[in-house]
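In case you want the letters, here they are:
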Amino acid sequence: MSEEKHFISGNDAIAMGVRLSRPHVISAYPITPQTIVVERLSEMAEDGSLDAEFMHVESEHSAMSAAMGVSAVGARAFTATSSQGLLYMAEGLFYASGGRFPIVMMNGNRALALPWSIYGDQSDSLGLLNSGWIQVYVEDAQEALDMVIQAYKIAEHKKVLTPFMVNLDGFILTHTYELVSVPKQEIVDKFLPPFTTVNKMDFERPMNMGMSTSPKDNLEYKYQQHRAVMDSVQVIKDVDKEYEELFGRGYGGLIKSYRIEDAEAVLIVLGSITGTVKVVVDKMRADGHKVGVIKIRYMRPFPEEELLEECSHIKSIGVIDKNISFGYEGTVFTHVNSAIAKSGFSPFIMNFIAGLGGKDISKSHIEGMFMTLLEGDKKKNKVQFVGMGVQINE
Amino acid sequence: MDRPKVKKWKRPTHIDEYSTGPSFEAGHLVDVHSGWRTFKPVVDLDKCIGCLKCYLVCPDGAVIRTEKKIDFEYDFCKGCGVCAKICPVDAITMIKETK
Numbered sequence: 001m002s003e004e005k006h007f008i009s010g011n012d013a014i015a016m017g018v019r020l021s022r023p024h025v026i027s028a029y030p031i032t033p034q035t036i037v038v039e040r041l042s043e044m045a046e047d048g049s050l051d052a053e054f055m056h057v058e059s060e061h062s063a064m065s066a067a068m069g070v071s072a073v074g075a076r077a078f079t080a081t082s083s084q085g086l087l088y089m090a091e092g093l094f095y096a097s098g099g100r101f102p103i104v105m106m107n108g109n110r111a112l113a114l115p116w117s118i119y120g121d122q123s124d125s126l127g128l129l130n131s132g133w134i135q136v137y138v139e140d141a142q143e144a145l146d147m148v149i150q151a152y153k154i155a156e157h158k159k160v161l162t163p164f165m166v167n168l169d170g171f172i173l174t175h176t177y178e179l180v181s182v183p184k185q186e187i188v189d190k191f192l193p194p195f196t197t198v199n200k201m202d203f204e205r206p207m208n209m210g211m212s213t214s215p216k217d218n219l220e221y222k223y224q225q226h227r228a229v230m231d232s233v234q235v236i237k238d239v240d241k242e243y244e245e246l247f248g249r250g251y252g253g254l255i256k257s258y259r260i261e262d263a264e265a266v267l268i269v270l271g272s273i274t275g276t277v278k279v280v281v282d283k284m285r286a287d288g289h290k291v292g293v294i295k296i297r298y299m300r301p302f303p304e305e306e307l308l309e310e311c312s313h314i315k316s317i318g319v320i321d322k323n324i325s326f327g328y329e330g331t332v333f334t335h336v337n338s339a340i341a342k343s344g345f346s347p348f349i350m351n352f353i354a355g356l357g358g359k360d361i362s363k364s365h366i367e368g369m370f371m372t373l374l375e376g377d378k379k380k381n382k383v384q385f386v387g388m389g390v391q392i393n394e
Numbered sequence: 001m002d003r004p005k006v007k008k009w010k011r012p013t014h015i016d017e018y019s020t021g022p023s024f025e026a027g028h029l030v031d032v033h034s035g036w037r038t039f040k041p042v043v044d045l046d047k048c049i050g051c052l053k054c055y056l057v058c059p060d061g062a063v064i065r066t067e068k069k070i071d072f073e074y075d076f077c078k079g080c081g082v083c084a085k086i087c088p089v090d091a092i093t094m095i096k097e098t099k
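Protein chains in written order, with the numbering used here: chain A, 1 to 394; chain B, 1 to 99.
Don't read these hints as lab results, they were simulated from the structure. Heads up, a few of these hints could be off.
As the list claims (entries may be wrong) - Some chain B residues judged to face chain A by a derived CB distance under 7 angstroms, without partners named: (1) His14; (2) Gly21; (3) Gly27; (4) Tyr74.
The beta carbon of each residue, even a glycine, is placed where N, CA and C say it ideally should be.
I would like the entire structure built from these sequences, with the hints used as guidance.
Right, dumping it as structure tokens:
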């Protein structure tokens, strides 16, 4: 069955994916670069094409609190935010995951103040990796739309019941227009059944919801959360497979590799930069350099097993981090290193901090990273800032 | 008076016996006075004038009216001592619990 094609932005794609997922309530506060998602959804609720309540909340903290209430009565909730807004709802993020409310949220990846910046990097969501949410990073508008629909199916799975964050690089994905295939509603309905919950706020069957525990039972609930996110690994793969069968598009589970079979040097990346790296890989391959790229799609659950399967033959591994944990290194690098350390193989590793606050990561930057990996100069500082406009003493 | 139902809490022995998230069936108690009580009120009915001030102030509704003025529902009394404090004729004494 052929799908309709629309020329839309990443934000529009998210809104269309949300409408197809039939949420009951949207509670959101607008923030650059996510604003268009909220605008489109409020228009859809107004014109009746989306049968949902749109709550104009006064803050992101309220947006998340309302979403938990929605989820608690067994309804489907959606919210969206970015950057400072995500930080403002941080308390709610942990609450939602602990309460096992399968809320789906779009996050437009944007730098954190100070310096104030509306431009993209991934400091916001990576700074909240420990919030108990599943985190996916998409590469284009099509994946953004498809992942909203998949997100509900994964989050609401009985073994998972964990909130789900769909991350889009601010502006690069949120505001760029692409041709996007929009699935048919009847097939989405077949794929995504209505949400039912074990903990329903219900007059007929009163419950104490979101309670405290004594120290005796706290660890057990946290273990339960951990197990749920670990269990989501298989659910993510199954859901993607089912999605591919129905809609003809699959994204390959937790990571996606490109030309790494015989690669000597590989860059590990998240999100929209993947496309540019692929272009560089093709060019360098044509020049005889054996290079490849691995896109990490999910940071939670972290694809340790998949990464090790793909990486164990590679001599040189670089990680591009669009964030930094000041005083140490990029967050993705820390994760990749932990996986490598547990496996016992020891490639040459480098961390490239790039693209902070919307700084361009150019093809020549990426080529430079690959050359550093191929040359493998072990004396070099493992954490390099790429694209600095001034000299620094290192 | 309608007393809360007591439904004993059985500690889980396997992780799957825990609820999904800290949400539980409501509308019952899992224990009587939660084992907090260290002093219990005892009334001297010869002194008691039946003014029912203790009945009004008891935060747990654990003072009950009887034909012989008042008595206590020890299953739900947490031993706060408000009844002894309010009693205008010192008819209520708090006595240390011995177990």
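Here is how each hint holds up against the structure:
Using the Cβ-Cβ criterion of 7 angstroms, the hint placing His14 (chain B) at the interface with chain A is not satisfied: the shortest such distance is roughly 10 angstroms. Below 7 angstroms, beta-carbon pairs count as interface contacts, and Gly21 (chain B) has one with chain A at about 4 angstroms; its hint therefore holds. Annotation: interface hint on Gly27 (chain B) holds; nearest CB of chain A at approximately 5 angstroms, less than 7 angstroms. With 7 angstroms as the threshold, the beta carbon of Tyr74 (chain B) stays out of range of chain A, its nearest partner Cβ sitting at about 25 angstroms, so the hint is violated.
Hints 1 and 4 from the list above are not met by this structure, while the remaining hints are.
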